[in-house]
Structures are given as C-alpha cells and as structure tokens.
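Participant: Could you use the hints to bring the two separately framed chains together as a complex?
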Amino acid sequence: MSAVVAAREPQLPKEHYLNADYGVRSWLFTIDHKRIALLYLASVTFMFFLGGMYAAAIRLELVTPPGDMFSSETYNKLFTGHGVLMVFFFLIPTIPGVLGNFLIPLMIGAKDLAFPRINLLSWYCYMAGAGFVLYALVEGGLDTGWTFYTPYSTSFSNTNVILAGVGIFFAGFSSILTGLNFIVTIHKMRAPGLTWFRLPLFVWAHYATSLIQILGTPVIAVTILLVALERGFHFGFFDPARGGDPILFQHLFWFYSHPAVYIMILPAMGVISELVACFSRKKIFGYGFVAGSSLAIAVLGFLVWAHHMFVSGLSVYASLIFSAISFLVAIPSAIKVFNWTATLYRGSVSWQTPMLYAVGFIGLFVIGGLTGLFLAALGLDVHVTDTYFIVAHFHYVMVGSVVMAYMGGLHFWWPKITGRHYPEWWARVSAVIIFVGFNLTFFPQFILGYLGMPRRYHYYPDEFQVLNVMSSAGASILAVGYMIPMVYFAWSMRYGRIATANPWPATGLEWQTASPPPTENFAVTPTVDEEVYDYTRPPKEPTFV
Amino acid sequence: MFSGFPLFPEQASTLALGVDGLYFFLVLVTAFFFVAISAALLFFSVKYRRRSPHEWPAEIHGSLMLELAWSIVPFLICVVIFAWGAILFFSMNRPPDNAIEVSVVGKRWMWKLQHMTGQREINELHIPVGRAVKLTLTSEDVIHSFFVPAFRVKKDAVPGRYNVMWFQATKPGRYHLFCAEYCGTQHSRMIGEIIAMEPADFQTWIQGGPAPESPVAAGQKLFAELNCITCHRADSQGRGPVLDGLAGSTVKLLGGGTAVADDTYLRESILVPAAKIVDGYQPIMPTYQGQVSEEGVLHLLAYIQSLKGQAGAAGAAGGNK
Numbered sequence: 001m002s003a004v005v006a007a008r009e010p011q012l013p014k015e016h017y018l019n020a021d022y023g024v025r026s027w028l029f030t031i032d033h034k035r036i037a038l039l040y041l042a043s044v045t046f047m048f049f050l051g052g053m054y055a056a057a058i059r060l061e062l063v064t065p066p067g068d069m070f071s072s073e074t075y076n077k078l079f080t081g082h083g084v085l086m087v088f089f090f091l092i093p094t095i096p097g098v099l100g101n102f103l104i105p106l107m108i109g110a111k112d113l114a115f116p117r118i119n120l121l122s123w124y125c126y127m128a129g130a131g132f133v134l135y136a137l138v139e140g141g142l143d144t145g146w147t148f149y150t151p152y153s154t155s156f157s158n159t160n161v162i163l164a165g166v167g168i169f170f171a172g173f174s175s176i177l178t179g180l181n182f183i184v185t186i187h188k189m190r191a192p193g194l195t196w197f198r199l200p201l202f203v204w205a206h207y208a209t210s211l212i213q214i215l216g217t218p219v220i221a222v223t224i225l226l227v228a229l230e231r232g233f234h235f236g237f238f239d240p241a242r243g244g245d246p247i248l249f250q251h252l253f254w255f256y257s258h259p260a261v262y263i264m265i266l267p268a269m270g271v272i273s274e275l276v277a278c279f280s281r282k283k284i285f286g287y288g289f290v291a292g293s294s295l296a297i298a299v300l301g302f303l304v305w306a307h308h309m310f311v312s313g314l315s316v317y318a319s320l321i322f323s324a325i326s327f328l329v330a331i332p333s334a335i336k337v338f339n340w341t342a343t344l345y346r347g348s349v350s351w352q353t354p355m356l357y358a359v360g361f362i363g364l365f366v367i368g369g370l371t372g373l374f375l376a377a378l379g380l381d382v383h384v385t386d387t388y389f390i391v392a393h394f395h396y397v398m399v400g401s402v403v404m405a406y407m408g409g410l411h412f413w414w415p416k417i418t419g420r421h422y423p424e425w426w427a428r429v430s431a432v433i434i435f436v437g438f439n440l441t442f443f444p445q446f447i448l449g450y451l452g453m454p455r456r457y458h459y460y461p462d463e464f465q466v467l468n469v470m471s472s473a474g475a476s477i478l479a480v481g482y483m484i485p486m487v488y489f490a491w492s493m494r495y496g497r498i499a500t501a502n503p504w505p506a507t508g509l510e511w512q513t514a515s516p517p518p519t520e521n522f523a524v525t526p527t528v529d530e531e532v533y534d535y536t537r538p539p540k541e542p543t544f545v
Numbered sequence: 001m002f003s004g005f006p007l008f009p010e011q012a013s014t015l016a017l018g019v020d021g022l023y024f025f026l027v028l029v030t031a032f033f034f035v036a037i038s039a040a041l042l043f044f045s046v047k048y049r050r051r052s053p054h055e056w057p058a059e060i061h062g063s064l065m066l067e068l069a070w071s072i073v074p075f076l077i078c079v080v081i082f083a084w085g086a087i088l089f090f091s092m093n094r095p096p097d098n099a100i101e102v103s104v105v106g107k108r109w110m111w112k113l114q115h116m117t118g119q120r121e122i123n124e125l126h127i128p129v130g131r132a133v134k135l136t137l138t139s140e141d142v143i144h145s146f147f148v149p150a151f152r153v154k155k156d157a158v159p160g161r162y163n164v165m166w167f168q169a170t171k172p173g174r175y176h177l178f179c180a181e182y183c184g185t186q187h188s189r190m191i192g193e194i195i196a197m198e199p200a201d202f203q204t205w206i207q208g209g210p211a212p213e214s215p216v217a218a219g220q221k222l223f224a225e226l227n228c229i230t231c232h233r234a235d236s237q238g239r240g241p242v243l244d245g246l247a248g249s250t251v252k253l254l255g256g257g258t259a260v261a262d263d264t265y266l267r268e269s270i271l272v273p274a275a276k277i278v279d280g281y282q283p284i285m286p287t288y289q290g291q292v293s294e295e296g297v298l299h300l301l302a303y304i305q306s307l308k309g310q311a312g313a314a315g316a317a318g319g320n321k
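Residue numbers (this note's numbering), protein chains in the order written: chain E, 1 to 545; chain B, 1 to 321.
Pulled out of the complex, with its shape left as it was, chain B reads as follows (with noise of 0.2 Å):
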C-alpha cells in the first residue's frame, strides 16, 4: 500500500474496528467458496473431460445428505454473519449519553452544522478526538446522506424527519465527508471534511473567535419573534400545551392515542400542527411551514427540550462544553 494508490480505507472511529473485522471475515468466506467452486469446477472438467463423443456416463442420483448439508452448512455462516453485522448495527444506531451533539442540515449542495455551542460550520466538522459525537440530520430539500468513510458510518439526511448517527474519532486528522445518495447536477461536490482535532486544540478552536448564539438561545428568540409565547405559556392558562417537560414525554391525543413528544413529533406539531391534536385542546394553531428554515425549527427544538425546569435546562446546556 504506498500512498496515491491506497487499497484500503483509514480506520479513524471506534466503529471502524468491529467493521473491518466482519468485512475480513467475509472476504475469507467469499476467497474460501470462490476457491472451493473454482476448483472443484476445473478438477471436474479435466478428470471427466470428454474424451469420445460417445461418452454417456451412468446417472447418479442425488443425494439427500449432501443436499442437506450443503444447506445446512451455508445457514449456520449465514446466521453468525447476521448476528455479527446486527450487533454492530446496534452499537452504530445508540449513540452514548454523552455525546456532543451537533445538528446538520443538508442543502444542494452543501451540509450546514452547527454545534450545541452556537458554532457554525459549513463542510467542515471540527470534532474532539475520544469523544463521541451525535449529529440530528436532516434536509431542505431532496433526500442527501452524511458519510464519512474512514469512520465506517453513513445516514441519510431525509426531509421531514430527523435521523440520528454517531461516531467518535480516534486519531486526529482530516477526513473525507461525502454525500452519498444522489441530489441532482452538483452531488459530487457535496463533498468536505470531518477535522479530528486532540481535545485540547478543539477547545482551542471552540473557544476562539466571538462566542456565537448557542441554539437554544437561538430558539428563545426565535419562539419570542414566532409569538409562540402568547398560546404556549409556561403557566397552564395558555391556548397551547404548556411545553416545560414535554420533549421526550409521552402526549396523550386526541381521540385516543399517545405519542412520544420526540424531535420528529416536535417538528411536525411545528410545521403541520393540525397532524395530531394533544388531548383537551382546539385544533387553532397555524402552520409555520414556509416561515421558519429548518435552521429555525432545530433552533426551536433546543429551545423546547431545554424547558426540563431551570435544573434540567442548565444542565442540558452544561452538558455540551
């Protein structure tokens, strides 16, 4: 392997390990029945090569137990490659609690993050290394997805709803961010970088520069602006549900049913309120589609999940540097 001609990705997350090791694993099994077939296919073919045109060999029968164990045998591979892959899938799809969290929004053609901090970045991820990061994806417009190959982990950023992914570096260093699925005339340059820094020189870059607006601060302002405060007061003799407590709850509905209030729910009581009414209350809302840019409603969705009573809130927030 010399450079410029690389046969094999980086290894930069903590996912990459478990990856590869299945991705060996399968390449041994594939070289293994490639071989296996190959060779069987020519053996046959010069040990029974035909050698008059008036061969006509006896017929064998099949047989059961070769059927059988030609079954058999391929299932129970199969059965621990499922397994192996569903546990690493598991590890992938449950990002740990203390993650730093960032929101991306996917636009053609370019990926807007902003951490929980208030910094904003435009291609470029500037990340800790040994530090797990949570990024809420998401897209303005058509369906694009966030892949960083050197850290094995892909997601779609899908209009109207909110995926989730993680990752923690582990040796600093710039890596190739790139949208994989396919947005139209410029996708192949919706390309950037995840920038793994020590946690030392991230602190550095976080810290330097004029200290931004966190999301949450964004959001109050944003809720203020939106008028939201006049129906959804924090005192129950609001129009609107009182929202302190609400992100992560579970709503009762009306007309029977529940929900859980989580950012999917959040968004879409935002932009289609009339989609599910919460029990004991007036189908009044007007939609805020068109109104307030995915930036807005990430913004507004800090803000609510900040409202856990001023405990909660402070250490949500404090959660992040």
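Chain E on its own, in the form it takes in the complex (with noise of 0.2 Å):
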C-alpha cells in the first residue's frame, strides 16, 4: 500500500487555506484559526528574537566580573526587558496560541473554535499589549525585574512601569480570550464519536491550561491595576509608608505567576504525549493517568504560590503548608514522565527530530523538574532561592522543557500547517545543537546559584568567572541552534518536499484532512469510531479530505 503512495509524487491541494486568499488584509482580518495561528507564529518568532537578544547582551556582559559593558541601570533594564518579553509575550502565549489555536479544532474534527472572531480579538490583545511593552521598553526602558516587587516598582522606580502593566494587561486579555475559547470548543464542538476518553492528550493539556487562564489571569490583571493606582495616584496598598504592605504584592503576584508557569509546561507535556505516540506507535502509556494529571496540576498549581516567599517573613507554619503542597504537585509531573518513558516499551522508536526534541524535553525536564524539589524543601529554599539556582532550575523548565516541546512540535506539525516538509538533517543537527548549548548555558547556573551567586547581579565576584564563562558560551551555541531552524523553516515554506496527508503517519484527525488543510478543515464532517492513539495497525487512508 505505502509502496503504491510512495511511487505517486505528493502534490499540494488545489485550495487549502494558505492560498483560500490573498493581500494583507486577507490575513489581518482572518477569522479562520488557522490563519490566526500564523499571524502568532509571526509574533512570537518576532518576541522570542527580542528577548534573545536581550539575554545575549546579558551573558556578553557577564563575561567579566565588573560591570563594564552597560551602566547598571542599563543592565537592570536589560533583565527585565529579557523576563518580560520571554515571560508575557513568548512563553505564555507561544503553544496555545500557534499550536493550540491551530490544531484544536483540526483535532476534534471541528470547522473552527467555537469564537472565531474573539479568537482574532486575542491576537490583536496581543499585539496591543505588545506595543504598549515594546514602546515602554524602547522609550526610557523598564527595570523592576518582570516580578515588579513592591515598593519598588510603586514608589522608586524610574522607568515606565504603568505603560509596561499596561501591556501586561492586554496580553492578560489575549490569554483569558483564548483560555475560554479553547474550553467551550472542546466542550461543544468534537465531532460526533469523539468521547472525552478519545481525545488526544494534547487537546486535555489544552482543556486544563485553559481553566488556569481564565480563573488566574483575572488576578495579575487585578494586581497591576492597584500597581497602577499606587504609582500614579498614591493610593496605599503596598508601600508601608502610605500604610500599605509590600509582601501582599507578593501573594497576589505570585497566586497568578506561579499557576502561570503551568500555562506554559502543561501544552508543552500535551505536545510531548503526541510525539511520543507517534514515534513508538504506541498509545500513551496509562493515558487516564496522563489525562487527569494535567487536571491535578492546574487545580493543586494554585495552591502553591508562596514557596516563593520562603524568606520574606511568611510564618513559619505558612511556610510548611505552602512547602508541603509543592511536593504534591511534584507526584502528577512524576506520573507523567514515567508514563512516557513506558510508553516506549515493546513500541517501534524512530528518532526523527520531533522525536529528538521530545527526547531531550524528557530528560530536561527530569532536571528541571527535581531541582524544584530543593526549592520547595524549606531549608535548603532558604540558601538558593534568589540566586543563580533558582535561575538555572526555571530555564530547564522553561526554556529546556517549554522551547524544547515547541520546537519538536513545530517539526511534527510542520508538514500539516505548510503542505512540506523541512530538512531532516540539518533539523536533527540543530536539535543537537540546542540540546549541547542548553546544557552548556544552564548547567553551570546551579553551580554558580548554590555557590551564592545572587540573580540580578551586574557586577559579581572574581571567583564566579569561570562558570560565568562557561554560561556564555553555552548561550552562544544555543543561539545558533536557534537560528537554523529559522533559516530552513522559512527556506522549506517555498523549497522544501511536498508532505502527503499523513506524511509520519500518525493517528488523530488532524492528519486525516490535506496538508495544508482547506480553510473549512475537512470536505466532510468526520466521524471517530475507534480508540485514541490506536497504532496496532497502520492509520486509514485519509477520508476526510
């Protein structure tokens, strides 16, 4: 059979929804998600630039111990440009946003999400909010850390904290647009056979993000408006000189940016269960488990958020509540990593890239993920909190877990959103490469972090150096592994092989339509009568084009 597809050249669909139509206009006022998804592909391929190039002149500076690159107040402003563009523009929005929106309804057999024009609405919130951070950070800068601790941030800072929360806050909108979105289409919209148990797990990762956008954004969105109220008109709620309480901001900071964190890594695991099932041709290993993992992250992520707050004077019984459930949350990421690791058992492995990054995420978030054990142990908190550790232990999560999940699913779903393929060499050479300067840049961070190395140092002791070096180094392998893939995506759009349908082949509907799919997704409407991830035999024809 495959011998027969395989003699039959590709061809790209007559119409599909790249060339439905064309001119600006055709894509800035699309409602199709899929167009959506591209326009986010754009942006935060642009944010995710910004801010690298923010970190490079961060770890060019920390080369050498004495500050002799930037002024301080330079290089404060270049931290918190990094954390801010990284944090709200790029690791938030980025899966559900180009992923999610993309493939949710591809996945659930559905023509659209259920709001397809609140779906555009998310962009341009998006893209407001962009603007106004953009404009604050170009005009004078920003340099209260991307955690805009009280009363600094309300009564000390110089910089533009209100245009930079103001921003914030749209994006804060484009996320609880999106989060509400995704959870009526995945309520109302699965076609007909498609039960909750038959869902990809990408689709539940996305159900259980969701739910954390919508109840914890509300509560960021709230705090920089009493930021903003203090700063400009003085009102008291945080600075103790107008009778206010600084570690108040904290609770509420935190009670939205910790569940934040889970914004990001859980569409991420959702990514990493799909690649993992294609790649072994295996259905996920304990999938129920997998599933309800998810939901038990978003619910217990909530009720962690001052382990953050270990040192600030929190009560020591506080402490040990806060402590005690950020060990829980430990046992659903564990379940996890286990279940795929199973998963590979008695399968049948290939290492393409998108197995590669997937690979590489399980392994780096092993480390990520247990270094959060020293963080969320009180004593041991007390030492590397706010030093180099702590910093070392959110880029495993984020950036080798999250970038790491994005990346293997750009490759997957590569064929699907562009109707080609990309190179598979120098994909799986880049995929080495980013794997070598993400170890070689955040490893020594540990180090340095349990040494005393406090985050957010301009100038640092001599003794420091050496791992200093080491980090920039990494920093500068890692930067070039980033920049290939988006020399050979972009060259692959007009050069590369035509994809068939379902090119891996996996299971799923959304490689049961064309590549690139027709704007409306499928020429019929599909029918599910069989299991989720079902590789016992090779997947049907594709029958919904």
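Since the hints were made in silico from the structure, they are not lab data. All values derive from a computational prediction rather than experimental measurement. Backbone N, C-alpha and C fix where the C-beta goes; we use that ideal spot for every residue, glycine too. There's no promise every hint is true.
[As the list claims (entries may be wrong)] Simulated restraints on C-beta separations:
| hint | chain 1 | residue 1 | chain 2 | residue 2 | range |
| --- | --- | --- | --- | --- | --- |
| 1 | E | V299 | B | I284 | 49 to 59 Å |
| 2 | E | L295 | B | G280 | 36 to 46 Å |
| 3 | B | V80 | E | L225 | 37 to 47 Å |
Facilitator: In structure tokens:
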C-alpha cells in the first residue's frame, strides 16, 4: 500500500487555507484559526528573538566580573526586558497561540474554534499589549524585573512601570479570551464519536491550561491595576510608607505567576504526549493517568504560590503548608514522565527530529522538575532562593522543557501547517546543537547558585567567573541552534519536499485531512469510531479530504 | 577544587552542615532519576527501534500496579525531603536565647548594622566564632535580602516590619554578604563582609575605640527628646499606657481583641498610633512617621524592651556583653 503511495509523487491540494485568499487584509481580518495561528507564529517568533537579544547582551556582560559593558541602569533594564518579553509575550502565549490554535479544531474534527472573531480579538489584544511593552522598553525602558516587586515598582523606580503594566494587562486579556475559546470549543464542538477519553492528550492539556488562564489571569490584571493606582495616584496598597504591605503584592503576584508556569508547561506536556505516541507507535501508557495529571497540576498549581516567599518573613506554619503542597504537585509531573518512558516499551521507536526534541524534553524536564524539589524543601530554599540556582531551575523548565516541546511540535506539525517537509538532516543537527548549548548555558548556573551568586547581579565576585564564561559560551551555541531552524523553516515553505496528508504516519483527526488543510478543515464532517492513539495497525487513509 | 574556581561554597556556620546534607541527598535523588529515566529511554529506543516502516506493535494496556508504584514511591521520597527541609527551617527560625543581638537596616545601597553594645558598622559585621548571632532586619526603602552564602542563611529586610534571622559561625574568616533581593540600580554593589573572629579577638575589637552609646541609652535620650515621657509616664497617671514591662506582653485593644506587643506592634504604635488603640485610652497620640529614622525606632524599641523593672533592664543589658 505505502509502496503505491510512495510511487505517486505527493501534490499540494489545489485549494487550501494558505491560498484561499491573498493580500494583507486577508490575513489581518481573517477569522480562520489556522491563519490566526500563523499570525501568532510570526509575532511570537519576533518576540522570542528580541528577548533572545536581551539575553545575549546579559550573557556578554557577565563574561567579566565587573560591569564594564553597560551601566547598571542598562543592565537592569536588560534582564527586565528579557523576562517581560519571554514570559508574557513568548512562553505564555506560544504553544496555545500557535499550535493550540492551529490544532485544536483539527484534532476534534471542527471547522473552527467556537468564537472565531474572539480568537482574532485575542491576537489583537496580544499585539496591543506587545505594542505598549515595546514602546515602554524602547522609550526609556523598565527596570523593575519581570516580578514588579513593591515598593520598588510603585514608589522608587523611575521607569515605565505603568506603560508596561498596561501592556501585560492587554496580553492577559488575550490569554483569557483564548482560554475561554478553547474550553467552549472542546466542550461543544467535538466530532460525533469523539468522546472525552478519545481526545488526544494535547487537547486535555490545553483544557487544563485554559482553566488556569481563565481563573488566574484576572488576578494579575487586578494586581497591575493596584500597582498603577498606587504609582499614579498614591493609593497605599503596598508601600508601608503609605500604610500598605509590600508582601501583599507578592501574594497577589504569585497567585497568578506561579500557575502561569503551568500555563507554559502543560501545553508543552501535551505536545510531548503526541510526539512520543507517534514515534513509538504506541498508545500513551496510562492515558487516563496522564490526562488526569494535567488537571491535578492545574488545581494544585493554584495552592503553592507562597513557596516563592519563604524568606520574606512568612510565618513558619504557613511556610510548612505551602512547602507540603509544592511537593504534592511534583507527583503528577513524575507520573507523566514515567508514563512517557513506559510508552516506548515494546514500541516501534524512530528517531526523527520531533522525537529527538521529545526525548530531550524528558531529560531536561527531569532535571528541571527535580531541582524544583530543592526549592520546595524549606531549609534548602533559604540558601538557594534568589540565586542563580533558581535561574537555572526555571530555565530548565521554561527553555529546556517548554521551548524544546514547542520546537518538537513545530517540526512534527510543520508538514500539516505548510504542506511541506523541513530538511531532516539540518533539523537533527540543530536539535543536537540546541541540547548541547542549552546544557552548557544553564548547568553551570546551578553550581553558581549553590555557591551563592545572587540573581540580577551586574557585578559579581571574581571566583564566579569561570562558570559564568562557560554559561556565556553555551549561550552562543544555543543562539546558533535557534538560528538554523529559522533559516530552514523559511526555506522549506517554498522549497521543502511536498508532504502527504499523513506523512509520519500518525493517528488523530488532524492527519485525516489534506496538508495544508482547506479553510473549512474537513470536506465532510468527520466521525470517530476508534480509540485514541490506535497504532496497532496502519492509520487509515485520510478519509475527510 | 582549586582556588579561583570553586564548585562548592565554604561551610562556615552550624546550619551549613545540615543544609548541605539535604543538598547532597537531593543531588543523589536527581542524579538517580535522571540516569534511570535516560537509561530506560535509550535502552527502549535502541531495543525497540523501528526496523521496518510496516511495524505496528501490539497495544499494551496500562498497569494500575505500575501507576501506583510510581506515584507512591516518589510521594514517600517527597515526604522525607519535606520533613528534612522543615526541620532545618525550624532551626533557622528559632534563634537561641543567648544570642548576640544586632539590628540591621537595609538602605539603597548599603547595610547599616548596630550591635546592642552600640558599635555601628556599615557593610561589615564583626562577630565571634562559636556564639549565636541574632539579626533583626528592616529596611528604609525597598525590600532587600541579607544573604551569607557561607552560612546558608538568607532573610528579606522588608520595610515596615521586622524579620529575624540567626547564625553561628564555626570558623574565623571573611565571608560574602550579598543583597539577594533586587533593589534597583546598585543592587549588585550592595555587598559586604561578615568577619568572624576568635572570641578573644572579637572582645578586643568590640572594646577598641571610644565607648559608643548603646541603643538602650540612645533610645532613652530619644524618648525624652520626642517628649514621649509626658504621656507615657512610669506611674500610670499618664495619658498613654505605661510602657514598663510592655514588650512581649499581651495587650487588650479598644473594641475587643488583643495583640502581642512584639517589635512590629511597637513599631506600628509609634509610627501609626491610630492603627491599634489600647483599651481604656483615647486615640490622641500623634504619628511619628517621618520624624524618627529606622535606627531611631530601633533605639526606642531597645529602650522600651529594657523597661522590664530595674532587674530586667540590667539583665537585658548585661546579656549582650
């Protein structure tokens, strides 16, 4: 059968969502979820490289102990800009905005999201937020750190706090609207026969993420509003000189910003489940446990925020409770890792690029996750919090894990998105470069942190230099690793080998329609009569083309 | 490990050993799981590598026993780590009674410290080896954090409240003091040194130079200068509550409720007197916000704490010698 398919040179479908219409207006006013996903792809990629340039400047400055390249004002603006851009405008929106937007309707056999216009509004909110923040960064900058701790942000900083706050406020609404759209879509628009337990784990993960987006994001919006009121109109919420409590800000901020970590990692875990299943040709081991663990993480993730505050003077007993729940949230993550690993057992494992990223993800997530235990352990957190140990830990989770998963997913679905293959050899090489560069950048930071180098330090003592140089060297390798895919992805859009509807082949409704899909996704409404991830026989020929 | 390129920080306090023990245990746990998972992934992906594109392996149904095993075993490991960390944390938050007391005020971008015997230091703290040192921290402006890596301790200095930390140096030396909470432009220059000395050397150091004014004496002077004495009289005939024996006691508040008269309460009562009114008194006290510095407040607190009857005051002062 496949010999017959291989003999026939695949061709792009005559009409698909990319050539359905032309011109700038057809993109800026589109309500097609696939085109909106590409709008997100362009904007988050821009923000990623911009944030990366800030990181490059930071690593360059830290090659030598004295702050000899930039002034301290500039250095502080650099790490603030890096954090704000990467967290609010790359890590939080990327996987839901690009892959979630593109794939959720396809995976559940729907024509579009439940509210296509609101979906477009989400992107405009994101762009408005990005506009405010970029203006704030260019026009004087921001030096509060991405955490905006009071009373520094409300009463002391001379930079564009309110402007950046407005930007994050808008980006937050983008996040809320996307979450709302996903939840309604997943509830109401599944194809006939697609029961909850036949849903791909990618969809489960996005469902859990959407719950956090809807429940958590309003809190950060309110918090930003309070900061703006205090800064602009001298209300006394947080500044003790006006009768406020600076610790209250930390509670409010982390009530959102800790769950926000799960907004980043849960969709990444969803991607990994798809990749591991396809490239081991196995149903994910313990499907129900993996799906349930996403929900458990979403719920428990709301109850751990004060573990960021163990040295702030929080009561010993409150600290005990937050430490205990933080350990609990480690269990569902462990369950996922064990199940992914067990999925390979007696599978048929192939090492194409997406699988390289998936395996890289699992390895780095194990380190990122387990170093989280160091920080949940009260007596040890006291020493390592606010040092480079924490910087290393969250980069293992956010870059090592989230970005690896995003890259893996982008490669996996690239033939579906563009109808063309990326060059496999280059992709494997750059995956390895990213893995090596990443570890060289961030592993030394664990050691630096335990040695006691505080984060956000412009000057540092001489004895930390060797490890800092290693880290900066790794960062330059990492930068190369991220550039190469930029080039070959762009190249492949025009020159890549044309893909079939189901090139890997993989299960899932998104592979049952043409690559790239038509605007309406499926020619006929799909029906589902088989279990999820059924790799015991070749996936059926695309039937809804 | 050669000098100039350390991989592990110096252990110089009684707490450091315990923290490092937990650290190495966790390094082992992390290494074990990383190696185990990586080995399994590599082994499976080689053993079960795809040999032909037409392989469609049989499905394996999940295993409840396995799921339970890899939920319960990590849970038990977590319980051990949690308890270990909690025990360390308790000891970090329970300063010994006989500790030397030092007050610390963070200010952008310096550390201002004062011993109970009156010596002031900036960005330096001299301490004796083998004796617990208790710091009371606050800040004049934004949040700072007092971090001594060699001692494995850190605590935020938060404006408007007092946080307490303690440590006991185990060997003489000079150790880094860092501000660990981002506080603005010169954050990375808000650094200093802890100078741990042999007890005899410390005695020489602290007795050197002219005898400084102790915080209690400074507080008493300030108490008179600010005319606190007109209302807070010693004989219960004043318009404000008697302060003798107040520190650490439980106070009945107007409108019901009680408060423990700890440092934070006393501070608030000086700077924002209307916040908590003692039962039986009128809210007539003016605010002293802006009229008295953070150090001044600390001196007033030291003075109020010394008012525990004559014997108590003498004991408190003597305890810090």
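Participant: Could you run down the list of hints and mark each one as holding or not?
Facilitator: Results of checking the hints against the structure:
Against the hinted window of 49 to 59 Å, the Cβ-Cβ separation of E/V299 and B/I284 comes to about 51 Å, which satisfies the hint. Hint check: E/L295 to B/G280, Cβ distance near 55 Å, so the stated range 36 to 46 Å is violated. Checked against the hint of 37 to 47 Å, the pair B/V80 and E/L225 passes, with Cβ atoms roughly 43 Å apart.
Hint 2 from the earlier list is the only one contradicted by this structure; the remaining hints agree with it.
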